[in-house]
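S.K.: Chain by chain, the residues run as shown.
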Amino acid sequence: MGSMIKATALVTDNGFSAIDNATRAGLDCLQQAGIQPQQVGLLINAGVYRDDNIMEPSIASLIQRHMNMGLDFAADSPNQVTFSFDVVNGACGFLNAVTIADAFLRNGSVEYALIVCGDAHPSKTDHPEFPYVAVGAAALLHLSTAAADANKGFGPFAYRSNESDCLSHISTYGDLAQFGDQGRAQGQFQFSNQYVEEFRRLNVTLINEFLAQHEQPRVDFLLGSDLEAGYCNSVCASSDLKRQPTRAMELFEHFNGDPHTAAPIAAFHQLQREVANPSGLSLLFHAVGSGDASACALYRS
Amino acid sequence: MTMTRFESIGVYLPEQEVTTRELIDSMDTEPMFDLEKLTGVKSRRWRAPHEDCHSLALEAIERCLVNSRYEADEIDVIICTSITRFKDGLKFVLEPCLSSYLKKRLGMREDALNFDITNACAGMFTGVHVLDQMIKSGVVRNGLIVSGECITPISETALKEINNPVDEQFASLTVGDSGAAVLMDQSPSDDEGVEFLELLTLSQFSDFCYGMPSDKNPGVAMYTKAMEIHATVIQRLPQTLGHFAEKYQVSGADFAHVIPHQTSERAIRSALALCSESLGDIPNICVSLDRYGNTSSTSHFVVLNDHIQQGHIQPGQRILMLVLASGIVLGVASVRIGNLTGAH
Numbered sequence: 119m120g121s122m123i124k125a126t127a128l129v130t131d132n133g134f135s136a137i138d139n140a141t142r143a144g145l146d147c148l149q150q151a152g153i154q155p156q157q158v159g160l161l162i163n164a165g166v167y168r169d170d171n172i173m174e175p176s177i178a179s180l181i182q183r184h185m186n187m188g189l190d191f192a193a194d195s196p197n198q199v200t201f202s203f204d205v206v207n208g209a210c211g212f213l214n215a216v217t218i219a220d221a222f223l224r225n226g227s228v229e230y231a232l233i234v235c236g237d238a239h240p241s242k243t244d245h246p247e248f249p250y251v252a253v254g255a256a257a258l259l260h261l262s263t264a265a266a267d268a269n270k271g272f273g274p275f276a277y278r279s280n281e282s283d284c285l286s287h288i289s290t291y292g293d294l295a296q297f298g299d300q301g302r303a304q305g306q307f308q309f310s311n312q313y314v315e316e317f318r319r320l321n322v323t324l325i326n327e328f329l330a331q332h333e334q335p336r337v338d339f340l341l342g343s344d345l346e347a348g349y350c351n352s353v354c355a356s357s358d359l360k361r362q363p364t365r366a367m368e369l370f371e372h373f374n375g376d377p378h379t380a381a382p383i384a385a386f387h388q389l390q391r392e393v394a395n396p397s398g399l400s401l402l403f404h405a406v407g408s409g410d411a412s413a414c415a416l417y418r419s
Numbered sequence: 009m010t011m012t013r014f015e016s017i018g019v020y021l022p023e024q025e026v027t028t029r030e031l032i033d034s035m036d037t038e039p040m041f042d043l044e045k046l047t048g049v050k051s052r053r054w055r056a057p058h059e060d061c062h063s064l065a066l067e068a069i070e071r072c073l074v075n076s077r078y079e080a081d082e083i084d085v086i087i088c089t090s091i092t093r094f095k096d097g098l099k100f101v102l103e104p105c106l107s108s109y110l111k112k113r114l115g116m117r118e119d120a121l122n123f124d125i126t127n128a129c130a131g132m133f134t135g136v137h138v139l140d141q142m143i144k145s146g147v148v149r150n151g152l153i154v155s156g157e158c159i160t161p162i163s164e165t166a167l168k169e170i171n172n173p174v175d176e177q178f179a180s181l182t183v184g185d186s187g188a189a190v191l192m193d194q195s196p197s198d199d200e201g202v203e204f205l206e207l208l209t210l211s212q213f214s215d216f217c218y219g220m221p222s223d224k225n226p227g228v229a230m231y232t233k234a235m236e237i238h239a240t241v242i243q244r245l246p247q248t249l250g251h252f253a254e255k256y257q258v259s260g261a262d263f264a265h266v267i268p269h270q271t272s273e274r275a276i277r278s279a280l281a282l283c284s285e286s287l288g289d290i291p292n293i294c295v296s297l298d299r300y301g302n303t304s305s306t307s308h309f310v311v312l313n314d315h316i317q318q319g320h321i322q323p324g325q326r327i328l329m330l331v332l333a334s335g336i337v338l339g340v341a342s343v344r345i346g347n348l349t350g351a352h
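Listed in order, the protein sequences are those of chains A and B.
Just so you know, we're using the working numbering here: the first sequence kicks off at 119 and counts up by one.
Just so you know, we're using the working numbering here: the second sequence kicks off at 9 and counts up by one.
Since the hints were made in silico from the structure, they are not lab data.
Once the Cα atoms are required to be at most 30 angstroms apart in a straight line, the calculated DSS-like pairs of lysine-lysine come out as:
{"hint": "1", "chain 1": "B", "residue 1": "K112", "chain 2": "B", "residue 2": "K95"}
{"hint": "2", "chain 1": "B", "residue 1": "K95", "chain 2": "B", "residue 2": "K50"}
{"hint": "3", "chain 1": "B", "residue 1": "K95", "chain 2": "B", "residue 2": "K224"}
{"hint": "4", "chain 1": "B", "residue 1": "K224", "chain 2": "A", "residue 2": "K242"}
{"hint": "5", "chain 1": "B", "residue 1": "K224", "chain 2": "B", "residue 2": "K99"}
{"hint": "6", "chain 1": "B", "residue 1": "K233", "chain 2": "A", "residue 2": "K242"}
{"hint": "7", "chain 1": "B", "residue 1": "K144", "chain 2": "B", "residue 2": "K255"}
{"hint": "8", "chain 1": "B", "residue 1": "K50", "chain 2": "B", "residue 2": "K99"}
{"hint": "9", "chain 1": "B", "residue 1": "K95", "chain 2": "A", "residue 2": "K242"}
{"hint": "10", "chain 1": "B", "residue 1": "K99", "chain 2": "B", "residue 2": "K112"}
{"hint": "11", "chain 1": "A", "residue 1": "K124", "chain 2": "B", "residue 2": "K144"}
{"hint": "12", "chain 1": "A", "residue 1": "K242", "chain 2": "B", "residue 2": "K168"}
{"hint": "13", "chain 1": "A", "residue 1": "K270", "chain 2": "B", "residue 2": "K144"}
{"hint": "14", "chain 1": "B", "residue 1": "K95", "chain 2": "B", "residue 2": "K233"}
{"hint": "15", "chain 1": "B", "residue 1": "K112", "chain 2": "B", "residue 2": "K144"}
{"hint": "16", "chain 1": "B", "residue 1": "K45", "chain 2": "B", "residue 2": "K168"}
{"hint": "17", "chain 1": "B", "residue 1": "K233", "chain 2": "B", "residue 2": "K45"}
{"hint": "18", "chain 1": "A", "residue 1": "K242", "chain 2": "B", "residue 2": "K99"}
{"hint": "19", "chain 1": "B", "residue 1": "K50", "chain 2": "B", "residue 2": "K233"}
{"hint": "20", "chain 1": "B", "residue 1": "K50", "chain 2": "B", "residue 2": "K224"}
{"hint": "21", "chain 1": "B", "residue 1": "K233", "chain 2": "B", "residue 2": "K168"}
Just the calculated beta-carbon pair ranges, DEER-fashion:
{"hint": "22", "chain 1": "B", "residue 1": "G350", "chain 2": "A", "residue 2": "F309", "range": "42 to 48 angstroms"}
{"hint": "23", "chain 1": "B", "residue 1": "R117", "chain 2": "A", "residue 2": "G152", "range": "39 to 45 angstroms"}
{"hint": "24", "chain 1": "B", "residue 1": "R117", "chain 2": "A", "residue 2": "Q150", "range": "36 to 42 angstroms"}
{"hint": "25", "chain 1": "A", "residue 1": "E247", "chain 2": "B", "residue 2": "P196", "range": "48 to 54 angstroms"}
{"hint": "26", "chain 1": "A", "residue 1": "E368", "chain 2": "B", "residue 2": "R149", "range": "34 to 40 angstroms"}
All of these numbers come straight from a predicted model, not from anything done at the bench.
Here a beta-carbon is modelled for each residue, glycine too, at the ideal position from N, C-alpha and C.
So that you can see chain B by itself, here it is in the shape it has in the complex (with noise of 0.2 angstroms):
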């Protein structure tokens, strides 16, 4: 079975930044601990107020075709992934779905697929495991998925909201804005592509954090049991890195880079440092959480384009992604990196 490849990314990061400092200097309830020290998010960037998730799905689209050499009518299919649905402020849409609206506005072909898939912060990495399947099925060439995530409202509740020094809520304030997208097509050689990718959700888990509007004021709030995950969800990553690894037969010193899922990052840190044991050796961990806090349904691409863009990472290295969400969702890839941002 041939491999497909990511041929193209574009990340959008809109110009405003808001500091941890700032959110928690406008708190009434100030958290128990530091929440910058913590989980190491010292800003974010935050929508201005004519983005939406449609918007911010845009830019991303157009920066990943600037490095494409595909253009809108070539592409068969497109797959919205975002968790937030928002359109002119805080109206959240499901009818039409967020890809019928980029499909028309990109000028793609009217026989091309469109859908959304909603997965929580596993959307993207869901929307790569089922384009993988398509493509190496047959049924479509390549395809772009995209997710334009308009977050930031679940920090505006939570900064009205949080009235109890260990809130639910105060995982909303480590969310930043941003779009992101990639372009996906069969590999044209054995040096890059998707070499495997499993996707699981340990359902027992799937209460531990709900995005839903508020119940006391007009928004959209997020509520997470932090020390759930940490005492259930995360003990089970190394089982999950062991398997994989058993599976494929790799370790941790077979790759460059991991990029996981952006939460915090001690939480990162304390998580890999447990896989050592089923992993061995781990590679450089990738972080870009300090500046752009957790992007959900987009942090392993605002990342990887991050560090592409810094040269930490370069053609032909191998990156190991870790998938972690609600759902709970979790999740391993390992791919080797062609150009993705230059000119084809």
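If we strip away everything but chain A, and leave its shape as in the complex, we get (with noise of 0.2 angstroms):
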């Protein structure tokens, strides 16, 4: 028994600030749910990009205070409070963020975790310098009781970073001494040549040894990090995944671009609209991204 998704949302039509789209996300997703912001016992931001490059409070605690959520003691009942934070590791944010939300919902630490994703460029305009589409992504996880979702939800993991003489890939800063007095609206962005083949390689490596981990279990669907046009199918295609009829989710060419850390929720909305019925269905949720890291997670739905 491991976290289920209850509900997730996507924004994709919302400007440019990552707090405004990962916050309508946030409400939209619960809305669906039937879930009161109040209910949330932790809200985790996994989006890398900050509005204004804020560095404290949490774009969390933020995004919390937009949803309405725990603003303050409820007198009549204390122990209903949110705790939120960002969890920041490139695009495999969301992954990790799970990873966190499953052992507080397991512990029974919490009855729901939302968990918010969702980049832009720290000037809140469409930056023609930004790497990747602004989009804002919700995932409502709860663990569920019942019987029949015994062998359903999120589990097991996997993780893998590179040890390459290379730290990473991308990289992305902001140099203030650079930037004058205009820090809140710039950041800085580059990209290795062979990025794309690198991280290929890591997300390929991680995936063959999770399936050879666990007896090549089934996967209907590869859900998660689309760097580049077809380039999660190549995933599909290079992987031991090739040996079964899994099916790629694809993204970039339905955004025209990397949703980044919000590319695991949003393939798994676009399931939904694609799948009439996903019950039943085994999905492998993936991400690769700087550090150079990638995640991976069977989910079962």
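Two chains, two frames, a set of hints: combine them into the complex.
M.R.: Rendered as structure tokens:
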């Protein structure tokens, strides 16, 4: 029994504020699930890029406020509180956040955990140098106690980061000395020429290790990072997933770009639109990005 | 459910000391108040030109591993929790995350997890909470939480920009640089461990303190609405503590020490005096901010290490840790301390 996705939401037409996009996705997600903000015990933001390059408070606490969630103590229910923070690990942030939320849920520490993702340029504009598409995404997780759900949900997870001499094939930063008084609205984005190839190699290595370690589980769909047109398909074709009829969920062409930290949720959201009844499907969530790091997790719906 | 514990800690403080007097003397606009008297901060440590978040974190980890029975390749997860993400001067890094660099430098296993957590001054305690949950759920056996907090760039901006005797940047003059690391694992006995730990975010007050690039100079600034925090958030501490005291059936007399977040000595003492109604007798209040200032996300571990070194805190003692951070994050932890700095 692992954490289950109760609802997801995706926002694609809401402008270029990462906070606003995640807020709207979070609210849409709770509305779909029929859950009140006060029922969410844990809110994690896994987006990397921060409006105005805010370093504190957590972006999650600002999203929490915009969602009217856990604003203050409730006199009649002192145990109903929300705790929020940001998890940062490039494209792997969402799956790291799921690992964390899964621990809180399994321990019975919270009833619902909401993970929000999505990135936008710190200037909150459609900046030509920003390498990702600005979307907001949210996934509400909970632990089902229903007997029928005994074998459903997230798990197992796997993670690997590269030991090559190159620290990271993506490097993004802000040099405040260079930015002058414009530090809130700027960022620098560097991608090595071979980053897609290197990421694919790491991505495939992790998936192959994962499949071998877990006796080649059935995988109906591969959901997550899609770095360029056809990337996710190429991961299926060049990994041991080629031995089974796994279908890759194409995102890059659909969004005309890479939704970065939001990719796993965006792919799951897309799956729900394409498959009338996803119950019983075996899904492999995956992510790969800077660090260089790759994560994956099986999910049985 | 088994308890987790602090298996070992390590703290690094840069050598250079900068006094509050030196800072005030270099300002064009002096504060209306005596900053040293009001806050209790006499001095703080200042990073050397070659030091950044990575190097402060690594120094702390090296000290932690000397005190630990674990080798780097036995660690299952590393969580980096600083507010600041500076590398090579004023370059703040978003990708790759800080922990990926540390993981590689330490020679940890490829399959060990790493991620960063950002949660203002509650960063390290958020890491403790997350790791406590991950060890209890069985996803990892142990882990390392670290923060290399290169926070004095906000002081440099404040020195340039303060032009008002009640400026929102005055709190930026109380901070100091540091690195802190704590290794956690499952406690082998009931004699040491994290007995309870709760954190919550009262988001209505999330805009009371912002850290972000300055819009006047190259650099980073922190803007704190100190009066508003005092008027609203501090008033909620007794309620928070009272709730936890009732929930866990504890009172102040059950603890040998309390380690609060190191904002200002006067504010700490007045806030804890307010709490005596709900908590009863207040245990010995540990402060180190006179010498190290507010080291932000590392503060509890800098104080813990300092008071262990001085012999004030002894293995076996029970400590109440109080978290207060932008967000606004409030938190309480009850920790029974083992032998954290002796070789295992």
